[in-house]
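Chains as they are written, first to last, in my numbering: chain Y, 19 to 560; chain H, 5 to 339.
Each hint should be verified, as a subset may be incorrect.
Said to hold, decoys possible - Listed below are the simulated EDC-like cross-link pairs for lysine to aspartate or glutamate, each with C-alpha atoms no more than 20 Å apart in a straight line:
{"id": "1", "chain 1": "Y", "residue 1": "506", "chain 2": "Y", "residue 2": "393"}
{"id": "2", "chain 1": "Y", "residue 1": "113", "chain 2": "H", "residue 2": "235"}
{"id": "3", "chain 1": "Y", "residue 1": "151", "chain 2": "H", "residue 2": "235"}
{"id": "4", "chain 1": "Y", "residue 1": "138", "chain 2": "H", "residue 2": "179"}
Unchecked claim - Here are some chain Y residues pointing at chain H (derived, C-beta under 7 Å):
{"id": "5", "residue": "121"}
{"id": "6", "residue": "143"}
{"id": "7", "residue": "146"}
Said to hold, decoys possible - Cβ pair distances, simulated, as ranges:
{"id": "8", "chain 1": "H", "residue 1": "136", "chain 2": "Y", "residue 2": "406", "range": "32 to 38 Å"}
{"id": "9", "chain 1": "Y", "residue 1": "108", "chain 2": "H", "residue 2": "246", "range": "14 to 20 Å"}
{"id": "10", "chain 1": "Y", "residue 1": "106", "chain 2": "H", "residue 2": "253", "range": "30 to 36 Å"}
{"id": "11", "chain 1": "Y", "residue 1": "425", "chain 2": "H", "residue 2": "328", "range": "55 to 61 Å"}
To be clear, the hints were calculated from the coordinates, so they are not data collected in a lab. Keep in mind it's a predicted model, so treat the numbers as computed, not measured. From the three backbone atoms N, C-alpha and C, an ideal C-beta is built for every residue, glycine too.
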Amino acid sequence: MAQVDEKLISKEEIILDVENYSVGLKKIKKSFVEAVSFSVFKGEIFGVAGESGSGKTLLTLSMFGLHNASHLNTGDVSFDLNKIIQSGVRVVQTKKLALRIGFILQDPFSSLNPSVKIGKQIGEAIYLAQGKKPKSIENRSLVYKLLSEVGIPDPENSYEQYPDQFSGGMRQRIVIAIALSQDPDLLIADEPTTALDASTQRKIIDLIIDRSRQRGLTVILVSHNIALLQATADRIAVMKSGKVLDIFNPKKIKLNELNSYTKVLFEGLKNVKKHSRTEQKQQNVSSLPLIEMKNIQKSFASRLMQRGGNFSLSNINLEIFPGEVVGFLGESGSGKSTLASIITTLSIPNGGSYSYKGQNVFSFKKSEIKQFKSDVQMVFQDPYGSLNPRYNIRTAISEALLIHQPDLSKLSREERIIQLLTDVGLDGSAMEKFPHEFSGGQRQRIAIARAMSVDPEILVCDEPLSSLDVSTQAQILDLFSSLLRRKKIAMIFITHDIKVAQILCDRVYILSNGQIVEQGKTQQVLNSPRHDYTLKLIEAVY
Amino acid sequence: MHYFFQRFVFSLLSLFILTLITFLLSQVVPGDPAIVAAGPNAGAEKIELLRSEMGLDKPLTQQFLIYVGKLAQGDLGKSWFTHQPILEDLIRELPPSLELVIIAMVINLVISLPLGLCSARYNDTRFDSLVRLFAMIGAGLPIFWTALILQNVIGGELQLLPIAGRLSFEYRAFEGYTGFFLLDGLILGRLDVFFDALKHLILPAFSLSLLFTAVGLRITRTAMISEFQKDYVLLARTKAASEPRIMFKHVFPNGAPPSLTVFGMQFGWMLGATVLVEEIYGRPGIGRYAVKAVTQSDIHAVVAVVLVVGIVFLLANLVVDLLLYILNPRGRMDK
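Please put together the full structure from these sequences, using the hints given.
Here it is in structure tokens:
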């Protein structure tokens, strides 16, 4: 632990000193962040790591009075040697601190005022800090300077534009410009890249780090992405359930000195067994493709649908053989999910052919459609939304069984459900419970059990890990691997995470702008990418 | 420009459908218009003559074209009862009602927008509970009941404001150009008339607006609350922006559109509800005219009122939509 180092540092070098700080929510007075103590040194990049719900955001925002629903309970906080919170009471108001703190929030789509020109939004910050009238030439030229500093092209024209004319990454740059415009002492970045694409993420983090180092700014960087913090932060505090478990320097890290939870976070996906089924793959070569798509086109008539990305597809050719695991890799907006919805026939393409086991899907008879729908099952991204909150688990799983295997007796259906739940690492007692009684990971297990209930030929998983925390991701990945080892099913795994694809997929298709730009064996594609876009995706990974 | 054109065409289409409906309305009414028009003692020949004069023997589509053609010339037909052209009646009756509705709308806007914004800002405080209580009571009181109570207490017992009519007795001979007494008072430089007319408007306008204000308040509050939760408010706070600045410069322009849409529709609804206060406060107006027409089975007059109220409704919505378009820079950009 870095405690030894802390003692060597004099008081003047500490910009933020937090002692025994507890904070809860207004409606429930109970503390969600409990007895937290740490110091942030001037000029350092201080990472705060932890899963969603661990209290990272509540901690960082409430200290400066920026969390609307927070309720201070105990503790002292000093900012630059001045007490701002004394024994759980705020003694310095937010407005007095605001100019000295810069904020970068998670969602660049809502953190800019949609109806004000971006130049004016930066100009307002300059006006409030330095009193230069927003319409003055001085103010304007400062805005231009900031815009080019954060890498917005053509500052003069960009000044006149509105937030929704910029991509997420560009908007986050504008937010950074606003934060820097007031020359703060402390920059708080709360999950600044979580809402952005992988390839943009790295650029934004690099920009924040680069600008802060240059200006000698202190940064508190809050993130659930431990690899990102490891690469950028000077010290990292790990939070779980409102407590700080560890504070350490990631460059001098000794894993055995750390809390066991921190270790899990760090190891993350490293320990997941790589899935491989070489024997089966040899059989596949001789067999017919399960799914074959030729020249699939999909375009959307409505312009609204295309906002925030071009979801249309063109010239999609692909084959999926029985028992293989195929990854669709790409950023959001690349058309991955559209492709998945065509495979499951949730949407119909404008052109091209699609055959399943050699038969044209679009000319299926009613009974064939039913068989197809039971053969192709889907696991969704959001385990909260994909389970009906009013159905208990028994009802949720037996619903699919009742439709696709109506002859099953009640008793054998019951046995089947218990078997399925055990398969996904739960037990029979889960049957009587409702979705809200489970954690996100457990719900995803239930969603998988439901999909597996009808013995599908192919499982389509649309980002099944991305709404889960790192430690849970590893468990679910393990579950997928073991399912694949035990059952002979094919799987389409849609993900933006190259690491996940490496662990799970036999082959990958790389999608960009609705087209397949590269395909092949996972290792081959990722080790020697031939397309620029693939390279970009790989480079973006921390 | 494209949007303006589109919106205009849409309004024309709505207008066409409105005229079609009013036309069909006059068709489904039982009784033969020719017999009624000819009077009780007319012979069969005279009725036939009238029938062909009125175009009633022609096919329905042709009758509709004639109807639309007459409408275009401002001919709304004659009242069966007074035998006066209905257009003249409406020109006389519409201004007092519009005047009432406009003042009621002003009261509505002045109360519900700022109060909605403030109660959203101080959401879940005692102030907010109080505002919500007011809104609940306002939404629950029937218009005629509010009108009676206000008339009785403020006009009658406290004698603070006049209880009936458009103007005091001494101005009974006043005549203006437009029929809108407030406007006429200003045009003619007769400030005494202006204030007298205004005094007579306060109670009816307030009674008319209370229900609508309560609804507008709730809608504004809800829209603003969701704006206050957005991150740009947080970002403005970290810029050290003052609370009034956040409320009026940041939140208000973004939260106002849903309320404006509702206010546009309320304008039309208010015009339809004027009868309730016009009867009680003894004011002339389209509401009372409509009720009289209905009780006298004066079908042409009823249809004309439906048409006029419909047109006002369309116009109010057109204005609001254009206003929203102008206020929303994103919309301007989309073209």
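Satisfaction of the hinted span 30 to 36 Å by the C-beta atoms belonging to residue 106(Y) and residue 253(H): 33 Å, holds
Is 32 to 38 Å respected by the C-beta to C-beta distance linking residue 136(H) and residue 406(Y)? 33 Å Cβ-Cβ, so the 32 to 38 Å window holds.
Hint validity - residue 143(Y) Cβ closer than 7 Å to any chain H Cβ: With a minimum Cβ separation of about 4 Å from chain H (threshold 7 Å), the hint on residue 143(Y) holds.
Hint check for residue 246(H) and residue 108(Y) - Cβ pair distance inside 14 to 20 Å: With a Cβ separation near 18 Å, residue 108(Y) and residue 246(H) satisfy 14 to 20 Å, so the hint holds.
Verify the proposed pairing of residue 506(Y) with residue 393(Y), using a straight-line Cα cut of 20 Å. 13 Å, holds
Close enough to count: is the Cβ of residue 146(Y) nearer than 7 Å to one in chain H? Hint on residue 146(Y): holds, closest Cβ of chain H at ~5 Å, below 7 Å.
For residue 113(Y) and residue 235(H), compute the direct alpha-carbon distance and say whether it is at most 20 Å. 17 Å, holds
When you check the alpha-carbon spacing of residue 151(Y) and residue 235(H), does it fall within 20 Å? 25 Å, violated
Min Cβ distance, residue 121(Y) to chain H: is it shorter than 7 Å? 4 Å, holds
Restraint check for residue 138(Y) with residue 179(H), where alpha carbons must lie at most 20 Å apart: The hint is violated at about 52 Å.
Residue 425(Y) and residue 328(H), beta-carbon distance inside 55 to 61 Å? Given a distance of about 58 Å, which is inside 55 to 61 Å, the answer is holds.
Hint compliance for this structure: hints 3 and 4 are not met, and every other hint is.
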